[in-house]
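Chemist: Just so you know, the sequences run in chain order S and X.
The first sequence begins at 1 in the working numbering and counts up by one.
The second sequence begins at 1 in the working numbering and counts up by one.
Think of the hints as simulated: they come from the structure by calculation, not from any bench.
All values derive from a computational prediction rather than experimental measurement.
Since no wrong hints were added, every one of them can be taken at face value.
Cross-link-like lysine-lysine pairs, in silico, BS3-like; alpha carbons within 30 Å at most:
no.: 1; chain 1: X; residue 1: K53; chain 2: X; residue 2: K65
no.: 2; chain 1: X; residue 1: K121; chain 2: X; residue 2: K178
no.: 3; chain 1: S; residue 1: K21; chain 2: X; residue 2: K178
no.: 4; chain 1: X; residue 1: K121; chain 2: X; residue 2: K131
no.: 5; chain 1: S; residue 1: K117; chain 2: S; residue 2: K159
no.: 6; chain 1: X; residue 1: K121; chain 2: S; residue 2: K21
no.: 7; chain 1: X; residue 1: K178; chain 2: S; residue 2: K159
no.: 8; chain 1: S; residue 1: K135; chain 2: S; residue 2: K107
no.: 9; chain 1: X; residue 1: K178; chain 2: S; residue 2: K117
no.: 10; chain 1: X; residue 1: K178; chain 2: S; residue 2: K107
no.: 11; chain 1: S; residue 1: K4; chain 2: S; residue 2: K231
no.: 12; chain 1: X; residue 1: K131; chain 2: X; residue 2: K178
no.: 13; chain 1: S; residue 1: K21; chain 2: S; residue 2: K260
no.: 14; chain 1: X; residue 1: K147; chain 2: X; residue 2: K131
no.: 15; chain 1: S; residue 1: K159; chain 2: S; residue 2: K115
no.: 16; chain 1: S; residue 1: K159; chain 2: S; residue 2: K4
no.: 17; chain 1: X; residue 1: K178; chain 2: S; residue 2: K135
no.: 18; chain 1: X; residue 1: K53; chain 2: X; residue 2: K43
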Amino acid sequence: MTDKFISIEAIARRYPGADGKETTVFEDLWLSMGRGEFGCVIGHSGCGKTTVLNILAGLDQPSEGAVIVDGQAIEGTSLDRAVIFQSHALLPWRTVLGNVAYAVTSKWRNWDRAKVKAHAQTFIDLVGLTGSEHKRPSELSGGMKQRVGIARALSITPKIMLMDEPFSALDALTRGTLQDEVRRICLETGQTAFMITHDVDEAIYLADKIFLMTNGPGAVLAEIVENPLPKDRGRIDLHRHPYYYALRNHIVDFLVSRSKTFASDVTDHDPRNVPVVRPGKPELVIASGPGDSEQASWPGLSRPSTSS
Amino acid sequence: MTSSLRFRAAVVSIVLFAAFLGIWHLATRPTAAAHNMSPEYAKLMGLTATQGKSAMPGPLDVGAKLWEHLRQPFYDNGPNDKGLGIQLGYSIARVALGYFLAVIVAIPLGFLIGMSPLISKALDPFIQVLKPISPLAWMPLALYTIKDSSISAIFVIFICSVWPMLLNTAFGVAAVRKEWINVARTLEVGTVRRAFTVILPAAAPTILTGMRISIGIAWLVIVAAEMLVGGTGIGYFVWNEWNNLSITNVIIAILLIGIVGMLLDQILARFTRMVTFPE
Chain S
1 MTDKFISIEA
11 IARRYPGADG
21 KETTVFEDLW
31 LSMGRGEFGC
41 VIGHSGCGKT
51 TVLNILAGLD
61 QPSEGAVIVD
71 GQAIEGTSLD
81 RAVIFQSHAL
91 LPWRTVLGNV
101 AYAVTSKWRN
111 WDRAKVKAHA
121 QTFIDLVGLT
131 GSEHKRPSEL
141 SGGMKQRVGI
151 ARALSITPKI
161 MLMDEPFSAL
171 DALTRGTLQD
181 EVRRICLETG
191 QTAFMITHDV
201 DEAIYLADKI
211 FLMTNGPGAV
221 LAEIVENPLP
231 KDRGRIDLHR
241 HPYYYALRNH
251 IVDFLVSRSK
261 TFASDVTDHD
271 PRNVPVVRPG
281 KPELVIASGP
291 GDSEQASWPG
301 LSRPSTSS
Chain X
1 MTSSLRFRAA
11 VVSIVLFAAF
21 LGIWHLATRP
31 TAAAHNMSPE
41 YAKLMGLTAT
51 QGKSAMPGPL
61 DVGAKLWEHL
71 RQPFYDNGPN
81 DKGLGIQLGY
91 SIARVALGYF
101 LAVIVAIPLG
111 FLIGMSPLIS
121 KALDPFIQVL
131 KPISPLAWMP
141 LALYTIKDSS
151 ISAIFVIFIC
161 SVWPMLLNTA
171 FGVAAVRKEW
181 INVARTLEVG
191 TVRRAFTVIL
201 PAAAPTILTG
211 MRISIGIAWL
221 VIVAAEMLVG
231 GTGIGYFVWN
241 EWNNLSITNV
251 IIAILLIGIV
261 GMLLDQILAR
271 FTRMVTFPE
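Assemble the whole structure, with the sequences as input and the hints as a guide.
Modeler: See the structure below:
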C-alpha cells in the first residue's frame, strides 16, 4: 500500500469508567486506505466501529494517535468528509431540496440561490428522487429518506464518504436497491468510501477491502480482507463466483468464532502490520495443477493464505 | 365522520349552554312580593326588598347590560367610567408589553442555558428559587423601586411570563437531537448559523409551547395586578364594579376576561402549529 489516502495512525479511544478506571475501547489502531477505495469495517457491537468512524468524521477525538487524510492531519469536522448517518438525520422542517441545499450553501457560501438549487437538483436526480424535491422527510419512505441523506453527502463533493450502517434500518429490498445505487455512484465518481456494517453480504458486494475487528473492549483490527471478486461484480451473480463462498465463509468464521478468541490465539499480532488476506486466490492458481482440483472446486473449505 | 362528530358536539354544547341559562334564569326569578314595610325603609332597601327581585342578576339582565357595553365599548366618562373596550385595551397593552420584554430576555437566555451546561448549572439555583414566587409578591418591591403603578404592573407581567419561556427554551435547545447537531458540525456550519438554522427550528415547538403557557399566566396575573394598582384595566374594572355592587358588570367582565384569554391562547396555538414539523 503505497498510496495512503486515509491513514489512521495508532489511535486509541478511552472512556472514563464508573469506578474511576478507564475503559479502552481500542488502542494502537492502524488502518489505511487508498484513493478511490471502498472500505468496510465489520465487527460485533461494542468493538468501536462507530467510534472509528466518528473520529474519521471529526465528531469524536482520539485519546491518542492521529488521522491523516490526503496528507493532512484532521482537526475536527470538515466538508471534505461527508457522513451518511444511520438514522438519515434529515432536518424534518426542510424539504428534500432544502436539506440538500443546506449542505450546498454550507460548502459554497457565496453561491446565489439559482446556482445552489441547480447543484442540489443534480444530486437529487442522481439518487433518483426527481419529482420529490418539495416533499418533507415525513412524507418519504425510509429508503427515500436515506437517498436524500446520500444526495446531501454527495452534494458537497467530499473526498471521503463515511457511512455508519446506512442501510441497517431499511427492509431487505430497499437495502439492495440502495446498495446498487451507492456502488454505481462510487464507481462512476471514483469516490473513496468508508462504511460500517453488520451485513457480510453488503460488505462483499460493496467493499474493496474489508476490515475485521475483534470484540471490544480492547478491540484490535485483526485482518484486512481484500475482496477477490471482480470490480464489475453484479448483485445477481455475485454468489456464483468461485471465490464468493471462500470470502463469505472466511468473514463469517471470523465473526462467529475468531473475533472472540483472536486476542488469546494470536500473540504476535502487530497492529502496524495487519495481515492482508485474499480468500480463494491461491486455489485459482493451484486449480490448474493435478490432484488439487477437488479442493479447488470448494475453495471455501481451504484455509486462506495469509500474507503481510 | 369527523364533521358529524363536530356537529354532534356543537349540538351538545348548545344544549348545555341553554340548560345553564335556563337554570340561571329560574334560580334568579323574583320571589314573592315584598313584606309590609314603611315607604322610607323600602326606598333604602331597593328593588331586592320591595319587589322580591333576586340580588343575583339573571341572564336577561346580564344580556341587556352586555348589549349596552358592546354598543358603546370605547366611551370615556372620566376615571371611574370608561368603556369595556378601553379597559380591556389597557390590560392587553400591559400584558403585551410585559410579555414582549419577557420574550426578549427569556429566549436568548434560554438559548444560553440550553447550549452551555456551565451556565445551566450556575443559574439553576436562582431559577429554582425565583420561579415559585407569586408574581404579586413582587408588587410592593416593584412599586417601591419603580414608583409607577402602571410600570409595576408591566414588571409583574414580565416576571410571571419569563419563567415558562425560559425553562422551555432551555429544555428545547438542550434536547435538540444530537444527529441534527452532528449534521451541522460535519457541514462546518458556524455557531451562529447553527443556532438559527438547526437549533431554533428544532426547538421552536417547545419554545412556542412555553410562550403559550406564559401568555396564559400573564393574562391570569394582569387581573390580580390591576386590582392592586388600580386606575385602568379590566382587573380594576372588576374591583370597581364590586365596590359599586354591580354584580351584572362583574359577570360581564368575567365573561370578557375568559374570551380574551381564549383568543390570546388561540393566537399562540396557531403560531405553535406553524412551527411544528412532522417527523
